[in-house]
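Colleague: Chains as they are written, first to last, in my numbering: chain A, 36 to 372; chain B, 396 to 560.
Hints should not be assumed to be uniformly reliable.
[Said to hold, decoys possible] With beta-carbon atoms standing in for the labels, derived distance ranges:
#	chain 1	residue 1	chain 2	residue 2	range
1	A	F131	B	Y431	28 to 36 Å
2	A	E110	B	I496	43 to 51 Å
3	A	K188	B	F411	55 to 63 Å
4	A	P339	B	I538	41 to 49 Å
5	A	G280	B	R486	28 to 36 Å
6	B	T403	A	F131	47 to 55 Å
7	B	R523	A	I353	38 to 46 Å
8	B	Q421	A	P339	42 to 50 Å
[Said to hold, decoys possible] Negatives, chain A to chain B, calculated, CB over 10 Å:
#	residue
9	G80
10	R81
11	M82
12	W146
13	L165
14	M195
15	A233
16	A366
Calculated directly from the structure, the hints in this document are not laboratory data.
Where a beta carbon is used, it is the ideal one built from N, C-alpha and C, also for glycine.
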Amino acid sequence: MSLLLAASGDAGEPWWIAVIKSLIVINLVLFGFAYLTLVERKVMGRMQLRFGPNRAGPYGMMQPIADLVKLIRKESFFPAAAIDTLYIIAPFLAAFTALTTFSVIPWGPGWEIAGYQVNGYVADLPIALLLIFAVGSIGIYGFIIGGWASDSKFSLLGSMRTCAQLVSYEVSLALSVLGVILMAGSLSLVDIVAAQDAEVWYVIPQLLGFVVFILAGTAETSRAPFDLPEAEQELVAGYHTEYGGMRFGLYSMSEYINLITLSALAVTLFLGGWHGPWLPGPIWFLLKLCVILFFFIWMRTTLPRLRYDQLMRFGWKILLPVATINALVTALLVVAL
Amino acid sequence: MSPQPFGTLKGFGVTFKHIFKQPITQQYPEFKRPVYPRFRGRHRLHRHANGLEKCVGCSLCAAACPADCIRVVAEENTAENRVSAGERYARIYEINLSRCIFCGYCELACPFDAITLGNEFELSEYSRDDLIYTKDMLLAEPIKRIPVQDPELFDTPIPAYKRES
Numbered sequence: 036m037s038l039l040l041a042a043s044g045d046a047g048e049p050w051w052i053a054v055i056k057s058l059i060v061i062n063l064v065l066f067g068f069a070y071l072t073l074v075e076r077k078v079m080g081r082m083q084l085r086f087g088p089n090r091a092g093p094y095g096m097m098q099p100i101a102d103l104v105k106l107i108r109k110e111s112f113f114p115a116a117a118i119d120t121l122y123i124i125a126p127f128l129a130a131f132t133a134l135t136t137f138s139v140i141p142w143g144p145g146w147e148i149a150g151y152q153v154n155g156y157v158a159d160l161p162i163a164l165l166l167i168f169a170v171g172s173i174g175i176y177g178f179i180i181g182g183w184a185s186d187s188k189f190s191l192l193g194s195m196r197t198c199a200q201l202v203s204y205e206v207s208l209a210l211s212v213l214g215v216i217l218m219a220g221s222l223s224l225v226d227i228v229a230a231q232d233a234e235v236w237y238v239i240p241q242l243l244g245f246v247v248f249i250l251a252g253t254a255e256t257s258r259a260p261f262d263l264p265e266a267e268q269e270l271v272a273g274y275h276t277e278y279g280g281m282r283f284g285l286y287s288m289s290e291y292i293n294l295i296t297l298s299a300l301a302v303t304l305f306l307g308g309w310h311g312p313w314l315p316g317p318i319w320f321l322l323k324l325c326v327i328l329f330f331f332i333w334m335r336t337t338l339p340r341l342r343y344d345q346l347m348r349f350g351w352k353i354l355l356p357v358a359t360i361n362a363l364v365t366a367l368l369v370v371a372l
Numbered sequence: 396m397s398p399q400p401f402g403t404l405k406g407f408g409v410t411f412k413h414i415f416k417q418p419i420t421q422q423y424p425e426f427k428r429p430v431y432p433r434f435r436g437r438h439r440l441h442r443h444a445n446g447l448e449k450c451v452g453c454s455l456c457a458a459a460c461p462a463d464c465i466r467v468v469a470e471e472n473t474a475e476n477r478v479s480a481g482e483r484y485a486r487i488y489e490i491n492l493s494r495c496i497f498c499g500y501c502e503l504a505c506p507f508d509a510i511t512l513g514n515e516f517e518l519s520e521y522s523r524d525d526l527i528y529t530k531d532m533l534l535a536e537p538i539k540r541i542p543v544q545d546p547e548l549f550d551t552p553i554p555a556y557k558r559e560s
């Protein structure tokens with residue numbers, strides 16, 4: 036935390052503005068998560084010729100609130116054999132890391148409000164991209180520990196699958212953004228966005244990297260067609276089988292927020308971040324984010340789940356070589372030009 | 396089937412197209428799909444045209460019931476208290492609808508067509524006690540009527556043994 040504060044203090048704004056901004060961003064992300072669940076259910080429903088939730092409030096707008104109230108009011112039960120401390124800590128770990136990563140993503144040019152400099156990001160770290168991957172990897176511990184501490188076979192199987200899948204696809208994910216880092220010459224997301232504004236959106240030269248990023252990201256957030264860790268038909272629910280009430284809610288929340296962060300990262304790295312003509316920065320950022328999120332929902336509706344061996348083969352034999360070649364070719368070109 | 400990855404892309408096209416189609420969901424409480432004429436819903440007890448109950452308290456329905464949800468206590472009709480057309484009548488006639496499986500055996504067992512299965516299926520209550528239907532409730536016209544399909548179009552012909560009796 037002190038690292039974040041110190042980092043944002045550098046950019047010419049008082050520390051308390053960073054605190055206020057982080058509060059606003061966290062709440063916006065939570066709000067976004069709540070309504071992403073609604074939008075997902077609505078869009079999926081429409082694609083399957085259903086309505087989706089439409090009872091709670093006009094167009095079902097109150098559905099996320101109803102879900103929240105329901106989850107909070109539920110009894111928080113324990114499996115008798117669960118390892119208490121770990122069982123309780125795991126969902127908090129997952130939710131905390133999911134919320135933290137959003138802090139380094141830039142969403143605006145920065146403004147001058149009442150004489151104070153307000154930057155368009157919560158923290159601009161020189162290692163922002165590394166921070167996202169590092170903290171995201173700690174979040175994986177939340178899933179693995181949660182499944183193991185529940186002491187139930189379905190949870191254990193689910194967390195084993197989570198473990199294997201996330202570890203395999205983390206490699207491709209990190210390699211796919213290497214091209215962007217090489218082209219921008221920086222790990223700071225603010226610098227990467229600025230470099231894209233100066234040149235061209237990196238989705239054009241790094242199309243292969245973008246595709247690998249989206250596919251590996253789908254696996255990383257364990258969404259269909261890579262939703263093996265929580266395959267309902269085989270595993271009941273995966274690593275959070277034994278969780279109920281708001282503890283389950285935290286897991287679900289961290290998954291969706293990971294998805295939002297990943298989409299925001301895709302926007303920042305490949306689609307020019309908050310830059311765009313006519314409209315202000317945050318609105319462009321939001322629009323691009325919505326497009327990516329829609330694509331994830333669309334993919335979930337369209338594609339059936341992969342088999343486990345297909346998943347592993349796809350990760351190691353297709354995505355990893357493609358990402359490596361992409362990074363190598365980019366490095367050669369960057370050096371050559 | 397087109398070769399990959401075109402098959403997958405085609406799938407994306409199909410799902411996207413469906414966003415713009417009208418959903419086929421029937422919004423239940425507002426729209427009630429008419430049930431078929433022989434739909435087995437909640438029971439009804441019937442009266443003769445002159446107001447006397449058809450049920451004579453023979454307990455054959457209770458004997459036929461596989462879920463054991465019918466309770467009949469019969470009593471003799473007297474000159475001053477004539478309830479049914481037969482010798483006896485059902486002083487207590489209860490159906491526990493939380494046990495009933497709606498098989499319709501009671502209807503088949505009844506020698507006087509006194510009990511039939513109606514079309515009502517909206518039977519939710521907040522308490523189990525409320526699901527025990529007494530004779531008065533079964534004799535009364537149901538409050539919530541369910542739309543029924545036109546029997547001319549959807550019912551099977553009445554079998555010969557029923558037509559002749």
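Colleague: Please go over all the hints and tell whether each is borne out by the structure.
Modeller: Evaluation of the provided hints:
{"no.": "1", "hint": "F131(A) <-> Y431(B): 28 to 36 Å", "in the structure": "56 Å, violated"}
{"no.": "2", "hint": "E110(A) <-> I496(B): 43 to 51 Å", "in the structure": "31 Å, violated"}
{"no.": "3", "hint": "K188(A) <-> F411(B): 55 to 63 Å", "in the structure": "39 Å, violated"}
{"no.": "4", "hint": "P339(A) <-> I538(B): 41 to 49 Å", "in the structure": "47 Å, holds"}
{"no.": "5", "hint": "G280(A) <-> R486(B): 28 to 36 Å", "in the structure": "50 Å, violated"}
{"no.": "6", "hint": "T403(B) <-> F131(A): 47 to 55 Å", "in the structure": "36 Å, violated"}
{"no.": "7", "hint": "R523(B) <-> I353(A): 38 to 46 Å", "in the structure": "58 Å, violated"}
{"no.": "8", "hint": "Q421(B) <-> P339(A): 42 to 50 Å", "in the structure": "27 Å, violated"}
{"no.": "9", "hint": "G80", "in the structure": "7 Å, violated"}
{"no.": "10", "hint": "R81", "in the structure": "5 Å, violated"}
{"no.": "11", "hint": "M82", "in the structure": "5 Å, violated"}
{"no.": "12", "hint": "W146", "in the structure": "37 Å, holds"}
{"no.": "13", "hint": "L165", "in the structure": "33 Å, holds"}
{"no.": "14", "hint": "M195", "in the structure": "28 Å, holds"}
{"no.": "15", "hint": "A233", "in the structure": "34 Å, holds"}
{"no.": "16", "hint": "A366", "in the structure": "28 Å, holds"}
Going down the numbered hints, you'll see the structure goes against 1, 2, 3, 5, 6, 7, 8, 9, 10 and 11, while the others check out.
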